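With UniProt numbering applied, the sequence shown corresponds to residues 1 to 387, in that order.
Because the hints were derived from the structure by calculation, they are not lab data.
Predicted model, so just to flag it, every value in this text is computed and none were measured.
Among the hints, a few may not be true.
Quick list of simulated restraints, FRET-style, between CB atoms [as the list claims (entries may be wrong)]:
(1) 109 with 78: 20 to 28 angstroms
(2) 231 with 109: 24 to 32 angstroms
(3) 168 with 241: 19 to 27 angstroms
(4) 108 with 290: 38 to 46 angstroms
(5) 185 with 105: 32 to 40 angstroms
(6) 171 with 92: 36 to 44 angstroms
(7) 89 with 187: 47 to 55 angstroms
Calculated pairs, EDC-like style, for lysine to aspartate or glutamate (alpha carbon to alpha carbon, straight line, at most 20 angstroms) [said to hold, decoys possible]:
(8) 82 with 354
(9) 340 with 319
(10) 82 with 348
(11) 82 with 319
(12) 340 with 85
No residue lacks a Cβ here, since even glycine has one placed at the ideal position from N, Cα and C.
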Amino acid sequence: MLRVAGLPRRVRADTPAWPPSRPRNPASPLGKRGLDACVPPRGVGLASAVLCREPTEGFIDMGKRVGVLMGGWGEEREISLKSGEAVVAALESRGHHVTRIFAGPGLDRALRAAELDVAFIALHGRMGEDGRVQGLLELLELPYTGSGVLASALAMNKPFAKKLFRLHNLPTPQGYRVGRDDAARAPQLHGDLGFPCVVKPACGGSSVGLSVVREPQELAQAVAQACRFGGEVLVERFVSGREVTVGILGDAVLGSCEVATPREGFDFEAKYKGGARYFLPPRLSATRVANVEALALAAYRALGCRGYARVDLLCSDTDNDVVLEVNTLPGFTPTSLLSKIAGHAGLDFPELVERILALATRDEAGILDAPEVTPAPVVDEPRRAVS
Numbered sequence: 001m002l003r004v005a006g007l008p009r010r011v012r013a014d015t016p017a018w019p020p021s022r023p024r025n026p027a028s029p030l031g032k033r034g035l036d037a038c039v040p041p042r043g044v045g046l047a048s049a050v051l052c053r054e055p056t057e058g059f060i061d062m063g064k065r066v067g068v069l070m071g072g073w074g075e076e077r078e079i080s081l082k083s084g085e086a087v088v089a090a091l092e093s094r095g096h097h098v099t100r101i102f103a104g105p106g107l108d109r110a111l112r113a114a115e116l117d118v119a120f121i122a123l124h125g126r127m128g129e130d131g132r133v134q135g136l137l138e139l140l141e142l143p144y145t146g147s148g149v150l151a152s153a154l155a156m157n158k159p160f161a162k163k164l165f166r167l168h169n170l171p172t173p174q175g176y177r178v179g180r181d182d183a184a185r186a187p188q189l190h191g192d193l194g195f196p197c198v199v200k201p202a203c204g205g206s207s208v209g210l211s212v213v214r215e216p217q218e219l220a221q222a223v224a225q226a227c228r229f230g231g232e233v234l235v236e237r238f239v240s241g242r243e244v245t246v247g248i249l250g251d252a253v254l255g256s257c258e259v260a261t262p263r264e265g266f267d268f269e270a271k272y273k274g275g276a277r278y279f280l281p282p283r284l285s286a287t288r289v290a291n292v293e294a295l296a297l298a299a300y301r302a303l304g305c306r307g308y309a310r311v312d313l314l315c316s317d318t319d320n321d322v323v324l325e326v327n328t329l330p331g332f333t334p335t336s337l338l339s340k341i342a343g344h345a346g347l348d349f350p351e352l353v354e355r356i357l358a359l360a361t362r363d364e365a366g367i368l369d370a371p372e373v374t375p376a377p378v379v380d381e382p383r384r385a386v387s
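Based on the provided sequences and hints, a complete structural model is requested.
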């Protein structure tokens, strides 16, 4: 296939499509792809390939070379592999040329060898969602999906994120941080926070290690258990109410979803092993839904996020809404929460993936506009549960 760095590849619509050829030469440095990098298949001459910057009548876009980063090092590896395969299938269905990039030792070499146009990050948790992989991609000057280095690091570190929320006058549950060496002293540090309380790793996702503690004598053990997933722990006041998650795409709210679980706390078991019910839109008044979504967008902006994210909140029984956390790389399969929200807004999964990919290319050019997506209107309508 004829390729020139920096230009989209398009061919005449009457030219039969072909799979990308194998490189004739060893992989060249990132961004140095030459005209002789690939050879068109027999029977298709170079004159059949046309390069242009804008779509032209009679031409079709042959897609980008996208590397999907999946797997990784942490406890959420299996979830990441599922997200990655779902993204691969969606991108291929849209005509892109996809390479699976399994995150691990030698990731920088794998990224250089793949000669990509853009990286789609389908990693979750530590070493993937905390800014380190994003920093590597910045050094390689490779556009990538999702938030940048600083926003990713801040969102991943829940105690620091809470400080920023408070700095922007955004309500968030009261809590404190406990280090690994202070686990035994947690009852003394607890003060007047009260019980029940929520204990979870300070840096982590998918609710891994989360527990609800009801009695003082259970606190030290819960903190020690959570320390196994990263060292530092966040202990928060328990807020009773509805759990709502808000999807954000670009710099606009995509929609929201209420998560109802058979037990308190949307933990790992509830998220990935069934038992939860989802209501789109949430079972709240239209005014309160609008307020919750505005609060979620404010939290997203407070951390400096870009591209897309999912913001988790609690809507208490006393009409107080609080921000829990911002997920810069949420679970990403056709049945994940963000996908359910997008579907309610009229975007199927491949289209959602395409919009996120388009935002990554815009970020490279310094354009952070929201895509032209009209969120589902907030109206008082019958709430329906979806599986």
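CB-CB spacing for residue 92 and residue 171 relative to the 36 to 44 angstroms hint:
holds, 43 angstroms
Is the straight-line distance between the alpha-carbon of residue 82 and that of residue 348 20 angstroms or less?
Given pair residue 82, residue 348 holds - Cα atoms ~18 angstroms apart, limit 20 angstroms.
24 to 32 angstroms was suggested as the range; check whether the CB atoms of residue 231 and residue 109 agree with it.
Distance hint for residue 231, residue 109 holds at roughly 29 angstroms.
Does 20 to 28 angstroms hold as the CB distance between residue 109 and residue 78, or does it fail?
For residue 78 against residue 109, whose Cβ atoms are near 24 angstroms apart, the range 20 to 28 angstroms holds.
Outcome for the supplied range 32 to 40 angstroms, where the beta carbon pair is residue 185 and residue 105
Check passed, 37 angstroms falls within 32 to 40 angstroms.
Is the hinted range of 19 to 27 angstroms satisfied by the C-beta distance from residue 168 to residue 241?
The hinted range 19 to 27 angstroms holds for residue 168 and residue 241, with Cβ atoms some 22 angstroms apart.
Hinted pair residue 340 and residue 319, Cα distance within 20 angstroms:
violated, 25 angstroms
Hinted pair residue 82 and residue 354, Cα distance within 20 angstroms:
Holds, because 18 angstroms separates the two Cα atoms, which is no more than 20 angstroms.
When you check the alpha-carbon spacing of residue 340 and residue 85, does it fall within 20 angstroms?
Distance of about 18 angstroms is within 20 angstroms: holds.
Look at the Cβ atoms of residue 108 and residue 290 and judge whether their distance stays inside 38 to 46 angstroms.
holds, 44 angstroms
Is 47 to 55 angstroms a correct range for the gap between the Cβ atoms of residue 89 and residue 187?
Hint holds: Cβ distance 49 angstroms, inside 47 to 55 angstroms.
Is the straight-line distance between the alpha-carbon of residue 82 and that of residue 319 20 angstroms or less?
Answer violated: residue 82 to residue 319 is near 37 angstroms, above 20 angstroms.
In summary, the structure is inconsistent with hints 9, 11 from the numbered list given earlier, while agreeing with the others.
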